[in-house]
Each structure stands twice: as structure tokens, then as C-alpha cells.
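Colleague: Going down the list, the sequences are from chains A and B.
Under the working numbering, think of the first position of the first sequence as 1, with each following residue one higher.
Under the working numbering, think of the first position of the second sequence as 1, with each following residue one higher.
These aren't lab readings, by the way, just hints derived from the structure by calculation.
Accuracy of the hints is not assured; some may be wrong.
[What the hints assert, rightly or not] Partial selection, computed: residues in chain A whose CB lies under 8 Å from chain B:
(1) L157
(2) A217
(3) A221
[Claimed, not checked] Label-pair ranges, simulated between beta-carbon atoms:
(4) A/L20 with B/L8: 42 to 50 Å
(5) B/K7 with A/V28: 50 to 58 Å
(6) A/P134 with B/L8: 54 to 62 Å
(7) B/S112 with A/L41: 38 to 46 Å
A quick note: this is a predicted structure, and the numbers were derived from the prediction, not measured.
Yeah, the Cβ is synthetic: ideal placement off N, Cα and C, and Gly gets one too.
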Amino acid sequence: MQTSGLGALVRLVIARDVRLAARHWDQVFQPLIFFAIITTLFPLAISPALDELRRIAPGVLWVAAMLASLLALESLFRPDVEDGTMEQWVLSGQPLSLLLLAKVVTHWLLTGLPLVLMSPFVGTALGMPQSVWPTLMATLALGTGSLSMLGGVGAALTVSVRRGSVLLALLVLPLEMPVLIFGARAVDLAMHGESVAGPLNLLAALLLFFVSLGPFAMAAAMRVSVES
Amino acid sequence: MWLWFHKLSSPPYAYRLATLLRPWFFWLAMALMLFAAYGGLVLAPPDYQQKDAFRIIYVHAPAAIMSLQVYVVMAIAAAVGIIWRIKLAHAVAAACAPVGAAFTVVALATGSIYGKPMWGTWWEWDPRITTELIQLFLYLGYMALRASFDDTQRADRASAILAIVGVVNVPIVKYSVVWWNSLHQAPTISKIGKPAIVLSMAWPLYTMLLGFMLYFAAVLCDRVRSEILRRERNAAWLTETVKTS
């Protein structure tokens with residue numbers, strides 16, 4: 001196994017983050033439980049009739065996924081900044097954008113991917129037919145990737161701000177709105193049996209856009225946040 | 001060749017320039033806006049479909065155009081500040097944000113007032129209105145991020161990154177009426193070629209837009225001067241100026 005080079009760097013970061021998450025499983029589950037609770041609120045608030053819920057199910061699932069990913073962003077950078085690891089990373093001379101990208105990828109594996117896997121069951125609870133499951137999971141997979149990237153930029157900007165969680169939501173949610181629009185629309189189209197190629201391609205394009213430029217914005221923001 | 005660029009980055013020079021230019025911008029803007037208002041309210045013929053209600057477009061369209069233009073100015077100033085490390089560019093970006101937010105609110109409010117007689121509703125989740133609302137949130141987020149840092153330099157750099165990231169929304173707002181089939185009117189004055197609007201209705205619109213731009217320049221002069229006063233309050237040149245004035 002190669003012990004030097006950028007590939008090894010990324011693997012080390014991912015392994016570290018997964019190991020740290022394994023020591024705090026409860027923190028990994030909290031956003032997922034939040035996702036389930038938010039989706040439960042809507043039948044209570046609107047109507048328990050599955051026919052009515054079916055119409056709003058794509059939107060509800062997507063909004064709940066956005067809010068759950070927002071909650072999970074708290075633990076993305078804050079622990080590392082607080083104990084000084086991030087400062088070492090900034091000073092290390094390694095490409096900070098790659099290090100932070102690796103962290104965001106791990107974050108997606110621990111938050112976004114479970115959301116994608118949970119979504120068919122939660123969708124069924126809101127009356128979604130089984131035929132929509134592939135579209136639902138595909139759009140959420142692409143969408144949560146974009147949410148993690150954008151959230152990473154927002155988290156890097158606000159990590160040194162006292163009580164910055166609401167500010168994080170304020171900054172990240174407007175930027176995430178296009179992702180929400182295309183994602184919810186795709187699932188809605190699938191529920192009506194129409195082709196989802198358009199929104200799905202746009203979601204993929206957004207993900208590629210954010211993944212290609214996001215790490216540089218994250219690195220610049222982290223440098224600003226970490227310097228004292 | 002770059003002398004003017006670096007001269008502008010000097011706070012005393014920029015302060016003097018802003019003081020000098022501001023009255024010109026302001027009074028020219030007032031004259032143009034009054035002239036355009038007269039043209040739009042009195043001289044322009046009533047629309048055959050919308051009668052006289054369309055006249056609010058003389059405030060709505062320039063405000064909406066300015067809301068996007070000010071964001072681009074803000075993003076460019078932020079980029080200049082980050083790339084060339086010019087503190088004054090950050091001051092300009094900070095000065096632009098509230099003005100841009102105000103233009104966005106005016107655009108949304110006048111659009112809402114326009115929409116009631118035209119479409120029968122105060123609000124619609126139409127792509128252009130929604131993306132303009134996102135624009136307002138971007139401005140507010142920028143101002144909130146700036147306010148959350150105590151240190152001016154860190155506030156400058158963090159909010160500059162946010163401004164640059166957010167500029168991606170500007171083309172989305174502009175092309176939202178082209179990309180989506182929407183309730184909002186398709187572009188009429190920015191098409192290349194023969195415009196879809198008759199000259200007697202168009203000239204007050206262009207004049208009002210120019211007036212708004214000059215008004216923005218005047219307000220920017222005032223706000224940049226305040227920013228300079230706040231940031232350079234301990235500088236020697238400022239204490240000298242205050243003593244002699």
C-alpha cells in the first residue's frame with residue numbers, strides 16, 4: 001500500500017473521520033432520527049390521509065433532508081477547529097482543499113448516504129408508491145452530495161462564530177434552494193410517471209459544479225476562520 | 001497604467017474623490033429621475049392592455065436591475081479585496097450590501113403591487129420572484145456574516161468569500177424567465193435587435209435606470225466615506241483633516 005501521495009492523504013483523512021465517528025455512534029444517528037421526526041410532524045400538522053400526504057411527500061422529504069443535513073454540519077468542522085487539529089492542517093503545507101474535501105466526503109458517507117437509504121421507508125410512510133423509490137434515492141444521493149458541499153462552505157465560514165448554527169442555516173439554505181427545486185421536482189415528475197431526465201441531469205451538474213469549486217472556497221474560508 | 005487603480009486604494013485619495021463626486025452624482029441622479037418620472041407618468045402612452053397600471057414598471061424594472069447590478073459590484077469589490085488585498089475594496093463591498101438589499105426589497109414590493117391588478121395575486125412562487133427572494137436572503141446573509149465577526153479583517157475576508165460564492169444566483173435570476181415558462185414577463189429590453197417595447201414607453205425606463213445608477217453611485221460615495229471614517233479613525237491623515245475642517 002502506498003504510504004505517500006495525495007491518495008494516501010485522502011485515505012488517511014477518511015479513515016480518521018470514520019474511526020472518530022465510530023466512537024460516537026449516537027452523534028451519527030441524531031440527524032437521521034431528526035429526519036424521521038420532521039417527516040412525522042407533517043401528517044400531524046396537515047392531515048393523516050395518505051392521499052393528501054402523497055401529493056406533498058416529495059417536498060416534505062426533501063425539506064426534512066435539508067434540515068437534517070444542516071443539523072449534521074455542526075459536527076463537521078467544529079471539533080477539529082476547537083482542539084487545534086485544523087490549525088495543524090492549515091499549516092501542514094498539504095493541499096487544504098483536498099483535506100477538507102475528504103472530510104466532506106466522509107460526512108456525506110455518514111449522513112447523506114444513510115438518509116438516502118432511509119428515504120424509501122419514510123416515503124412509504126407518507127404514501128409514496130414503490131415505483132418512485134429509484135428516482136427518490138437517486139435524486140437524494142445527488143442532492144445530499146450538493147448539500148454536504150455547500151454546507152461545508154457555510155460551516156467553514158461560520159465555524160469560529162459564537163453560536164453560529166442559525167447563521168449557518170441562513171447562509172446555506174438560500175444557496176441550496178436550486179438543489180431543492182430540482183430534487184423535489186424530479187420526484188414529483190416520477191410520481192406522475194413522467195421522465196425525470198431533465199432535473200436529474202441538472203442535479204448531477206450542480207453536484208459536479210459544487211464539488212469542483214467548493215473545496216477551494218472551503219479552504220479559503222477555513223484559513224480565515226482558523227487564523228487568530 | 002495601473003496608477004489610477006493603486007491611487008484609488010489609498011483611503012485619503014478615495015475620501016477626497018468621493019467627497020468631490022458625490023454632489024455631481026446626486027443632483028444628476030435627481031434630475032434624471034424627475035425627468036424619467038415625468039416621461040413615465042405623463043408622456044408615455046397608456047398600454048392598450050394594462051392601461052395606466054403598467055407605469056409602476058418605471059420603478060420596478062430599474063430597482064430589479066439595480067438589485068442584481070449592486071450584487072455584482074459587491075462581488076467584484078470583494079474579489080479585488082481578496083486578490084489584491086486592498087482594504088478599501090472590502091469597504092466598498094460592505095457599503096454596497098444594504099443598498100442592494102434595499103433595491104431588492106423595492107423590486108419585490110413594487111412587483112407585488114404590480115402583480116395584484118395584473119395577475120390578481122399579491123404573490124406567486126414564480127421562478128423570477130423566487131430567485132429574487134433568494135437574492136434578498138443572500139444580501140441579508142452577507143450582512144449577518146459580516147456582523148458576526150468582531151475583527152474587521154476577518155469579517156472582510158469571510159464575507160468576501162460568501163459574496164463570491166453567492167454571485168452564482170445573479171445569472172439564475174436574470175435567465176429565470178428564459179429557462180422557465182413563467183408568469184413573469186419575458187425579457188423585452190435586453191434582447192439584442194429590435195426591442196419589443198415602443199420608444200415612447202422605453203426612454204423613461206432607460207432614463208430612470210441611469211438615474212438609479214447615478215443615485216447608487218452617490219449613496220455609495222456617502223457610505224464608503226463612512227466606512228473610511230470608521231476604519232481609519234486612528235490614522236494620522238484623518239485626525240489632521242478633522243482638525244483643519
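Colleague: Next, verify each hint and record whether it holds.
Modeller: Status of each hint after checking the structure:
1. Checking A/L157 against chain B: minimum C-beta separation of about 5 Å stays under 8 Å; hint holds.
2. With 8 Å as the threshold, the beta carbon of A/A217 comes within range of chain B, its nearest partner Cβ sitting at about 6 Å, so the hint holds.
3. Annotation: A/A221 was flagged as interfacial toward chain B, and the flag holds, the nearest CB pair being 5 Å apart, inside 8 Å.
4. In this structure the supplied range 42 to 50 Å holds for A/L20 paired with B/L8, their Cβ-Cβ distance being about 49 Å.
5. At about 56 Å, the CB distance of B/K7 to A/V28 agrees with the hint of 50 to 58 Å.
6. Look at A/P134 against B/L8: about 57 Å separates their beta carbons, and that is inside 54 to 62 Å.
7. Here the CB-CB span from B/S112 to A/L41 is close to 30 Å, at odds with the stated 38 to 46 Å.
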